[in-house]
Structure formats: structure tokens, C-alpha cells
Amino acid sequence: ETGVTQTPRHLVMGMTNKKSLKCEQHLGHNAMYWYKQSAKKPLELMFVYNFKEQTENNSVPSRFSPECPNSSHLFLHLHTLQPEDSALYLCASSRADQSSYEQYFGPGTRLTVT
Amino acid sequence: GNSVTQMEGPVTLSEEAFLTINCTYTATGYPSLFWYVQYPGEGLQLLLKATKADDKGSNKGFEATYRKETTSFHLEKGSVQVSDSAVYFCALSPLGGGNQFYFGTGTSLTVIP
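Residue numbers (our numbering), protein chains in the order written: chain A, 1 to 114; chain B, 1 to 113.
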């Protein structure tokens, strides 16, 4: 039990579709993250939210749109994606504002863009 | 800047062999260091961590020591099992860097019976 859940676990979408990924954490944390994991590449941090406020956006294309309605939920809205966006999308959470606090990850959503 | 460099994989070992996965880092100040493990089809799980120089993190028979002089955090296990087959990631979080993490590229380990 990781305490961080993600849905769906697998998603296949066309380039013109709109879909959303959902993440929920049950750990009482106040920071949440989206990462992209592609084969043969380091984890790419996409977005960071601290206390529901976005604090990092690492030059992510606008076709990815995050939403954090509260400290326990995080969404990633997807539209007009490209095949190179196919990857494993990982959500994580942690306590905020301390470098020594570890991040807890969900199982990921495997996204395939056709 | 901040970065993590891990040894290239994949690594294949026989059961009960000794494991070392090298990790070196570049950081401003004194970061916290972590090892994460990712089993097939799952997200990353924290394996161990160290928050200051000379600290040793340990868990499930794995160990890593925070070496400031060599900027290293090598992962070791004395006797690996088939169930240890996974991808291992070294990571750092800079001191005063809020909650930003920097991950290595991962090292795939396969343990054969």
C-alpha cells in the first residue's frame, strides 16, 4: 500500500482526444508532483504543487494542463497529444518545504498516444 | 547545478552474489540522498535515504553511505535474491531546494537463480 493511487492505470488515446489522469494521496501530504518516465531517459519533473499552489512548471507544453483542487487530489488534463508523449506518468506526494522528506509515488498511468 | 550519475546497466547477477550500483552526484551545498526501487509495472518505492555526510541508509539488506569527499552514494547488498530484480534509481534533493528532486537514469538489475 503506497498511499498514492492513480487512475487509469492504462490509457490509449488518439491525438485529437481529451482525457484526464487522476492522482489521490492518502498520506496527509501537502505537496504533489507529476513526472514523465520515458525509456532510457531520467525521470522528468513536470509540475509541482505546494499547498495547492503550482510552484514548478518545467517548460511543459501547454497540451498538458495540471489541476490541484485540494492537497489530496491532482489531475493532469491532456489534449491534442503527440506520439512522443507516450510514456509512464507518475504522480508523487511529500511533505513540503524540506529537502529531507522523501517522495511517495503512485503506480503510474501508462499512456499510449496513437 | 544539481545532477546524479548512475552506472550504466543492465546488471545481471547470480543469486547470492554481491551487488554494487555506483552513484555520484553534483550539488550545491549538502543535499539529501535517496535510493528508490521500481519493480515491473509499479511506481517508485523509497528504498533508503541519508540526509548528511557519513550517514548510512539501510533497508532490506541494502546499504548506502553518504560520502561527501567523493560525492558518492553507492548502493550495496551482500547477497542478492531473485526478488531484487528491479530498476534502481539514485536521487538527490538539494539543501534549501524546497522539494525538488533530481533522479539518475536508473540501473536495471536482473538476478538469476
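Heads up, some of the hints might be wrong.
Examples of chain A residues toward chain B, derived with CB under 8 Å [stated by the list, open to error]:
no.: 1; residue: Leu-43
no.: 2; residue: Phe-105
no.: 3; residue: Gly-108
Hints were generated in silico from the structure; no laboratory data involved.
Being a predicted model, the structure only gives us computed values, none of them experimental.
Glycine included, C-beta positions come from ideal geometry on N, C-alpha and C.
Cross-check of the supplied hints:
Evaluation of the Leu-43 (chain A) hint against chain B yields a held restraint, the C-beta minimum of about 4 Å falling below 8 Å. Restraint check, Phe-105 (chain A) versus chain B: the minimum CB separation of about 4 Å is within 8 Å; hint holds. A hinted interface residue such as Gly-108 (chain A) counts as satisfied when its beta carbon comes closer than 8 Å to some beta carbon of chain B; here the least separation is about 5 Å, so the hint holds.
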